[in-house]
Structure formats: C-alpha cells, structure tokens
Amino acid sequence: MKVQAGSRILGTGLMFFVALLFTVPFIVLILSSFKDEDHIFDPFYPPDFTNFENYKMVFASPTFVPAFLNTIMICAITLIIAIIVSSMAGYVVSRSKERIFKWMYIVFVFALIIPAQTNMVVFYKMGTSLGMMNTIPFLILIYLSGNVAYTSMIYAGFTKSIPRQLEEAAAIDGCGKIRTFVSIIFPLLMPATATVFVVEIFWYWNDFQGPLIYLSNGDVPTLMLEIYNFKSYVGTLSYSVTSWAPVSAICVVATIPILLFFLFTQKYLLKGLAMGAIKG
Amino acid sequence: MVPVLLIIAAFVVYPFLSSVYYSFTDWNGISKPNFVGLLNYKNLLKDISFVHSLRNILFFTVGAIVLINPLSLILALILNSKIKGRSALRTLFYLPSVISMIVISNIWVIILAGDGLLNKVVDLLGVGGQEINWLGDYDKTPWALLFIILWQGVGNSAIFYIAGLQSIPQDLYEAADIDGAVGWTRFTRITFPLLMPAVTIVTFFQISGTLKLFDLPLIMTKGGPGDVTLTPTMLIYNQAFQYNAAGYATTTGVFLLLIIFVISALQLRLTRSKEVEM
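Order-wise, the sequence lines are chains A and B.
In terms of the UniProt record's numbering, the first sequence has 227 at position 227, counting the first letter as 1, and numbering is strictly consecutive.
In terms of the UniProt record's numbering, the second sequence has 158 at position 158, counting the first letter as 1, and numbering is strictly consecutive.
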C-alpha cells in the first residue's frame with residue numbers, strides 16, 4: 001500500500017511538472033511585457049513589475065480603446081442573434097419527423113467543414129455590392145454563417161431531452177406555437193444556451209481572419225487586428241523591426257478578459273464541449 | 001428555422017455555388033468574368049506553390065493525427081484517474097486552446113526566433129554549439145510549427161477523450177475484473193473499442209481544422225523559409241488580395257474543400273466502421 005501511495009504522489013508531482021512546462025509560453029509572455037526592449041531575449045534578465053511603460057504604449061495607441069469596444073460589441077450581438085435563431089432552428093429540426101432533418105444535418109456538417117477562404121472572394125464581392133464592406137454588421141453576418149450550423153446542432157441535441165407531452169399540454173391550454181416556444185421550450189433549453197454562450201465567445205473574441213479580410217481598411221479595428229497592426233505602430237516609434245516588449249503587453253491585455261471568462265466558466269465549458277460532442 | 005435557413009442559404013449555399021461558378025472563370029475581381037472551363041483547375045495542378053502547400057498541409061495534418069491522438073488519450077487516461085488536483089490540471093492543459101492564434105504565434109516567435117529565448121537558454125546551459133534557426137531552417141521550421149499545433153491542440157482533444165471515457169459503463173470493468181482482465185488487456189478489449197466514437201470526433205476536428213491552417217504560419221513564418229510552411233488557405237488569401245486573381249483563388253478554395261471533404265469522408269468511414277455498439 002505504501003509503495004502505491006508513494007508512486008501516486010510521484011505521478012501527481014510529475015503531472016504538475018508537465019503542466020507547468022505547458023504553461024511556460026504564457027509565463028514568458030507576461031515576463032516579456034515587463035521587460036524593456038533591449039532585454040526581451042535575455043531569459044535571465046529580471047523583469048521589473050513596477051514598470052508599466054509597455055502597457056502605457058498599448059493604451060497610447062489611438063485605435064486600442066475602439067478596438068476593445070468593437071470586439072465586445074461584436075461578441076455580444078453575434079451571440080444574441082446566434083442564440084435566438086439557432087434555438088428555434090435546432091428545436092424545429094429535432095422535432096420534425098420529415099426527412100428534411102437528415103438533409104439539414106448534411107447541410108450543417110457541410111457548413112462546418114467549409115474553409116472560410118473558399119467563399120472569401122464571393123463574400124468580399126457581396127460586401128462590396130451591398131455597401132457593407134468594413135462594417136461590423138457584415139462581420140457579424142459572416143460569423144453567423146460560419147457558426148449557426150454548429151449552434152443549431154447543439155440545440156437540436158438538447159431538444160431531444162424535452163418531453164413532447166409538454167408541448168401537447170400547452171397546445172390544449174391554447175398556447176400558440178410561438179408562445180409555447182418562448183415561455184416553455186426556450187427556458188428548458190437553458191443548458192444548451194449556456195453551452196452555446198461559453199463555447200462560442202472564444203471563437204468571436206479570438207478570430208483574426210474575419211477582421212483581417214472583411215475589416216481590411218482599418219477604420220473599424222478589433223482587438224486581434226489591433227495586435228497585428230500594433231507591430232508596425234510601435235515599429236515606427238522605436239525604429240526597430242518588431243518591438244516585442246509592447247507587443248507582449250498588448251497580447252496580455254487582449255487575453256486577460258477572455259482568460260478570466262475561461263476561468264469562471266471552465267466547468268460549463270469543458271462539460272458543454274463534451275456533451276455537445278456526444279449529443280451532436 | 002426560417003432565419004437559419006436564410007443565413008445558410010445566403011451565406012453558405014449561395015456563396016459556395018458562386019465560388020464554384022467563378023472557379024471556371026478568369027475573373028480578376030473587378031471586370032466581367034469570362035468562362036474558361038477547366039483552365040484554372042489545370043493550372044492549379046501545375047502550380048508548384050499549390051502542390052507544395054498541399055505537401056505542407058498533409059505533413060501538418062498527418063502529424064497532428066498521429067501524434068495528438070495517442071498523446072491526448074494518455075493525458076485523458078491520467079486526468080480521468082483519481083489523481084489529485086485533476087481539475088486544476090485539466091485547466092492548465094486546456095489553456096492553450098482558448099488563447100487566440102495571433103497571441104500564440106507572437107509568444108512562440110519570441111521563444112523560437114534565431115536570437116530568441118530558447119537558443120539563449122540552450123547557450124547558457126552550455127549544451128548548444130551553434131544556434132538553431134527554428135523559424136528559418138527548411139528542415140526544422142515545419143517541425144517547430146507542428147510542435148506548436150500539438151501543444152495547442154492536445155488539451156482540447158483530451159477533453160473529448162475524457163468525455164468518452166466517462167460514458168463507458170462501469171459494470172463492464174467489474175465484469176472484466178471477474179474474468180481477470182487487467183491492465184493492457186482491459187484497455188485493448190474494453191476501453192479502446194468503446195472509445196472509438198471519441199476517436200472519430202477528435203480526428204474529424206483535427207482534419208478539418210489542420211487542413212484550414214492559416215493564422216499560425218501567416219504570423220510566424222509568412223509561409224517560409226521558401227514555401228515549406230505555406231498553406232493552401234494562405235495561398236488563396238494571396239491570390240485574391242495580392243495578385244487580384246479572384247477566379248483562380250476560388251478554384252483553389254473549391255479544390256481545397258474537395259480535398260477536406262474526401263479525406264473527412266474516408267476518415268469517418270474508416271473510424272465509424274471500428275465503432276462498436278454498447
């Protein structure tokens with residue numbers, strides 16, 4: 001027994017050591033953001049945690065605050081629309097007995113695997129002819145098109161666990177279809193909504209491709225675009241190719257909100273991912 | 001239902017059909033497109049950049065499948081056992097999956113650059129003779145990027161394996177105990193066959209994800225050195241916005257989708273056929 005307990009402690013210690021190695025890159029990022037440019041590549045140079053010069057540079061960029069607000073707005077609006085439309089779609093798809101479900105499922109999977117670049121040129125042309133290029137509504141439409149298939153599949157999976165008798169009872173009491181959905185079904189789909197909420201937000205927050213292509217004129221910055229452009233912004237200040245110290249600082253600032261979100265919702269996120277996979 | 005159908009019709013089906021149409025034209029993005037038949041497809045197969053980008057992406061995809069699957073399965077087995085602090089461990093291993101690719105790329109450039117941290121550490125330890133140029137060496141750069149893909153994806157795959165492990169009924173193990181099946185036999189006869197649905201899902205996401213690889217090589221290496229880390233999605237982006245070859249870019253896009261589709265279908269057939277009913 002003693003040997004077993006000993007090896008268990010050893011195993012746990014080993015796993016924590018491996019996990020620590022896993023997080024070294026993030027530690028490097030935080031340390032780099034407190035170093036000055038000359039010592040960024042010096043691993044044993046002690047960072048000065050009272051020196052916020054790099055962070056000051058981040059907030060001095062005229063596009064940083066708008067980028068932050070845009071990103072929050074894009075996440076919020078996309079999530080709200082995705083939840084409304086895909087909860088209804090998932091519910092209908094899972095309830096209809098017709099063959100359309102099988103057909104829709106194939107369309108959903110297709111929408112899931114299609115690379116963003118396959119339709120990029122056509123999207124670009126659509127955006128231009130609609131006069132929506134370089135606007136937030138257009139980016140939101142692109143996000144919705146890429147994700148409603150997935151979120152609808154999550155809702156479809158959860159709908160199966162709601163007993164049909166509930167809807168029949170509501171129909172007897174004189175509830176219309178929409179009323180039944182809003183006041184009975186949607187509240188029961190809360191676990192699915194929570195899953196969609198915690199899973200999707202990372203996608204919108206972290207996406208770089210969408211803004212790079214569809215917000216390319218730079219009038220409407222997002223956080224990830226700001227990181228990308230920040231390299232040349234600080235480059236012009238310090239006349240070096242890339243000023244890694246301020247770039248590290250902006251990476252930290254752009255990561256903290258989503259990291260906090262992850263730490264507070266991880267229980268639901270990890271469970272939700274697994275459930276979505278099994279039910280989907 | 002209707003809104004989702006509208007979104008999918010307007011932003012998935014319609015663009016896809018237009019992309020297929022434009023892939024047969026010489027469209028430059030501005031003037032009227034002319035129908036050129038299969039010319040773009042013929043040129044694409046002779047396009048050395050495209051052929052190389054396919055070679056690169058196959059390297060990353062096969063590498064990811066071959067290495068992430070066993071590593072994340074081992075991780076899942078450990079994190080699903082009665083190890084202390086397993087929720088903290090799950091958090092740490094999942095962490096890279098929630099950080100944006102652009103941040104991850106910047107971190108790893110600082111570490112792997114020629115005068116970067118890794119080489120400095122190796123120097124100071126006195127084991128390195130010469131600096132290794134992780135991001136500028138034809139032989140080593142693809143492996144460096146593959147390593148980052150592994151680091152980033154292993155925690156995510158492990159979560160699916162943990163879910164798979166937890167769905168295996170406990171009484172099967174009790175029955176195995178009675179029959180005296182332990183250790184490796186237990187794993188190969190019970191655990192692994194019942195995990196096949198998880199293998200299917202994890203591999204599906206690895207294939208469709210890695211074949212679309214874009215941000216990481218774009219920021220870290222710009223496809224270089226030479227074109228050893230150039231990917232098809234980067235190529236499409238360049239064709240469309242740098243060479244104004246809109247029609248040709250859609251050809252590459254449609255061809256890439258075809259490849260993803262065929263490989264995914266083959267994979268689903270292969271792994272589904274190994275799944276057993278509980």
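If you are wondering where the hints come from, they were derived from the structure by calculation, not from laboratory data.
Possibly wrong hints are sitting among the right ones.
What the hints assert, rightly or not - Computed Cβ-Cβ distance ranges for the label pairs, DEER-style: (1) B:L58 / A:I172: 51 to 61 Å; (2) A:K102 / B:L58: 48 to 58 Å; (3) A:S183 / B:A176: 43 to 53 Å.
Claimed, not checked - Cut-off 27 Å, straight-line C-alpha distance, at most; resulting in silico cross-link-like pairs (BS3-like, lysine-lysine): (4) A:K271 / B:K222; (5) A:K160 / A:K177; (6) B:K32 / A:K125; (7) B:K42 / A:K231; (8) B:K32 / A:K271; (9) B:K82 / A:K125; (10) A:K271 / B:K84; (11) B:K274 / A:K102.
Unchecked claim - Just some of the chain A residues that point at chain B, by a computed CB distance under 10 Å: (12) R8; (13) M15; (14) S32; (15) F44; (16) V85; (17) V92; (18) A116; (19) T180; (20) S216; (21) N217; (22) V220; (23) L225; (24) K231; (25) S232; (26) Y268.
Heads up, the beta-carbon is just placed ideally off N, CA and C, and yes, glycines get one too.
Hint-by-hint comparison with the structure:
no. : hint                        : in the structure
1   : B:L58 / A:I172: 51 to 61 Å  : 59 Å, holds
2   : A:K102 / B:L58: 48 to 58 Å  : 32 Å, violated
3   : A:S183 / B:A176: 43 to 53 Å : 49 Å, holds
4   : A:K271 / B:K222             : 36 Å, violated
5   : A:K160 / A:K177             : 18 Å, holds
6   : B:K32 / A:K125              : 13 Å, holds
7   : B:K42 / A:K231              : 39 Å, violated
8   : B:K32 / A:K271              : 51 Å, violated
9   : B:K82 / A:K125              : 55 Å, violated
10  : A:K271 / B:K84              : 19 Å, holds
11  : B:K274 / A:K102             : 23 Å, holds
12  : R8                          : 8 Å, holds
13  : M15                         : 6 Å, holds
14  : S32                         : 6 Å, holds
15  : F44                         : 7 Å, holds
16  : V85                         : 4 Å, holds
17  : V92                         : 4 Å, holds
18  : A116                        : 7 Å, holds
19  : T180                        : 15 Å, violated
20  : S216                        : 8 Å, holds
21  : N217                        : 12 Å, violated
22  : V220                        : 17 Å, violated
23  : L225                        : 9 Å, holds
24  : K231                        : 8 Å, holds
25  : S232                        : 13 Å, violated
26  : Y268                        : 13 Å, violated
In summary, the numbered hints that this structure violates are 2, 4, 7, 8, 9, 19, 21, 22, 25, 26.
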